[in-house]
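Asker: Make a model of the complete structure from these sequences and hints.
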Amino acid sequence: MKTWNIALIGLGSVGRGVAEVLGADARFRIVAAADSKSGAFDPAGLDIEEILAKKKKTGRCGDPAWPASRIAAESEYDILVEVTPTNADTGEPALSIIKTALTRGKHVVTSNKGPVSLASAELLELAEKNNAAFLFEGTVAGAVPILRGIKYGLAGNKIKALYGVLNGTCNYILTRMEEEGLTYVQALAEARDLGYAEADPTYDINGTDAAIKLVILANTMLGMNVTLADVKRTGISDLTVDALLMAEETGHSIRLIASLYPEKNLLEVSPRLISKTNPLVVTGTLNAVTVETEYAGAITFIGRGAGSVETASAILADLLFITDKYDR
Amino acid sequence: MPEASPSADICVKKPPAPLCIENDMGSYGNPYPFLKEELLRIRGIRLQKNVRTSLRLELKDKPGQLLAAIEPISKSGANIITISHQRDTKSVNGALIVDIVISLPEKRLVELMDALRANGVAIVRIGTEHLTCTKTFILIGHILHTDLTDTVNRIDKENVAEVTELDLVMPGMAEPSTAKLTIKAMSELEMNQAVTTLKDIAAEKHLLIINQIGGGL
Numbered sequence: 001m002k003t004w005n006i007a008l009i010g011l012g013s014v015g016r017g018v019a020e021v022l023g024a025d026a027r028f029r030i031v032a033a034a035d036s037k038s039g040a041f042d043p044a045g046l047d048i049e050e051i052l053a054k055k056k057k058t059g060r061c062g063d064p065a066w067p068a069s070r071i072a073a074e075s076e077y078d079i080l081v082e083v084t085p086t087n088a089d090t091g092e093p094a095l096s097i098i099k100t101a102l103t104r105g106k107h108v109v110t111s112n113k114g115p116v117s118l119a120s121a122e123l124l125e126l127a128e129k130n131n132a133a134f135l136f137e138g139t140v141a142g143a144v145p146i147l148r149g150i151k152y153g154l155a156g157n158k159i160k161a162l163y164g165v166l167n168g169t170c171n172y173i174l175t176r177m178e179e180e181g182l183t184y185v186q187a188l189a190e191a192r193d194l195g196y197a198e199a200d201p202t203y204d205i206n207g208t209d210a211a212i213k214l215v216i217l218a219n220t221m222l223g224m225n226v227t228l229a230d231v232k233r234t235g236i237s238d239l240t241v242d243a244l245l246m247a248e249e250t251g252h253s254i255r256l257i258a259s260l261y262p263e264k265n266l267l268e269v270s271p272r273l274i275s276k277t278n279p280l281v282v283t284g285t286l287n288a289v290t291v292e293t294e295y296a297g298a299i300t301f302i303g304r305g306a307g308s309v310e311t312a313s314a315i316l317a318d319l320l321f322i323t324d325k326y327d328r
Numbered sequence: 329m330p331e332a333s334p335s336a337d338i339c340v341k342k343p344p345a346p347l348c349i350e351n352d353m354g355s356y357g358n359p360y361p362f363l364k365e366e367l368l369r370i371r372g373i374r375l376q377k378n379v380r381t382s383l384r385l386e387l388k389d390k391p392g393q394l395l396a397a398i399e400p401i402s403k404s405g406a407n408i409i410t411i412s413h414q415r416d417t418k419s420v421n422g423a424l425i426v427d428i429v430i431s432l433p434e435k436r437l438v439e440l441m442d443a444l445r446a447n448g449v450a451i452v453r454i455g456t457e458h459l460t461c462t463k464t465f466i467l468i469g470h471i472l473h474t475d476l477t478d479t480v481n482r483i484d485k486e487n488v489a490e491v492t493e494l495d496l497v498m499p500g501m502a503e504p505s506t507a508k509l510t511i512k513a514m515s516e517l518e519m520n521q522a523v524t525t526l527k528d529i530a531a532e533k534h535l536l537i538i539n540q541i542g543g544g545l
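Protein chains in written order, with this note's numbering: chain A, 1 to 328; chain B, 329 to 545.
Note that these hints are calculated values from the structure, not bench results.
Each hint should be verified, as a subset may be incorrect.
Below 25 Å or equal to it, Euclidean Cα-Cα: the simulated SDA-like pairs (lysine to any residue) are [claimed, not checked]:
1. A:Lys264 - B:Lys403
2. B:Lys527 - A:Arg233
3. B:Lys463 - A:Leu245
4. A:Lys276 - B:Lys403
5. B:Lys403 - B:Val420
6. B:Lys527 - A:Thr234
7. A:Lys232 - B:Lys403
Answerer: Below you can see the structure in the form of structure tokens.
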């Protein structure tokens, strides 16, 4: 059995999840790793636990002379796994690192929304030109196999509409406001305490995060050519508890819904009234997406949209897709 | 007796004891003295507008009865939209049933009903069932202070669309209020027009509008 050499770029929450999952899988060997300041490389395989311990102690995982860009450009590996935080404006530094790897003919798997939402067409073309795979299942709805579900599971179906809950933080806040009568501010504070919201949750609560995922779905699965600016966005910060109570009186919930209608070229993220009997009304940090198709009717995907090991699950699926289709 | 008024059921709810609002009307006073005036203004405007109303009438099965029904309607100035009269549909007590849809200002409806009864015509049902398309919205913002009358008035379109329910919760004078608004319209087409109007109003008055998903846009 061939062992595939992995370069792991990013050692945050998702990177640690990937290390955990791959550590338990003999098909893969992590030969290179990098954080934002340094990198480490060993063709025989790195001791990830040791590297993580070093990072915890010194703030660096390796040698500052081997930053991620150099790891990507000079070290030997089969697949680059890129899991650094999203930069929605430039996609950097991840975008350059991914281009470097693809240009070298290396496969790339990422969970980073920035490069995919900004440059998916360019990156996919670059991958094809160099006979490499560029996969990004983890960028949309975490562990939920929505991209592969649409591309392969629903192959041949025209997608008429796609809509759903793509941001777990907002869904958690709305669930708590509805169930416990918390105000928006109280629910947000709780989400922060539990680690469901970032220190600066702006991108989540103003709908940007969900909008970026919508752009990825539109461009990579529906053949559209849109940018973040094309998505009409309304966040949840102005929602009142009264609004949720009133919704409840008529058997509805309020959820932040990302919606996409390809024929009308309409992309929107906004709080919507939705019947409680609709499968999209999920609780907590779950994600849920309904895809309306030509032949299959409506299909709804529900599952964990974020989390360390959950995102690693999507990355593992991408890696196994590569090992199945390529022999190098 | 059936509800004679097809107009909106507009109610104002106050949440359970928010902050104690002191004013010169005492603790039982209305902290929103202009709210009642606002609702009366909406009501006043609506009374002048034509409303499409369906009436189910029961006539005695003898000559001249259809005229007894038509004559008061004609005199009231109402526009008759449809009349459906089938001799073989009879009520349990043997009376003939006539379904009429008319259009006239709401304030004249009561006079017309009196005139019909005076002619021996029984009104067994009255309503606005022609508005079959219903959608509910939630609005958040300074709903009352941005001219609620204007908001409702712009959505109300004679005979084709109207605001049929409005629940308003106001937690405090300076805080944004929340309203649940139900619009009824004749068909999807008129509903879409009403929704477009509502979206324009929301943008203009800085109101957050939450509309339904699962049933149009």
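Asker: Any hints this thing doesn't respect? Which numbers, in order?
Answerer: Violated hints (numbers, rising): 1, 4, 5, 7; every other hint is consistent with the structure.
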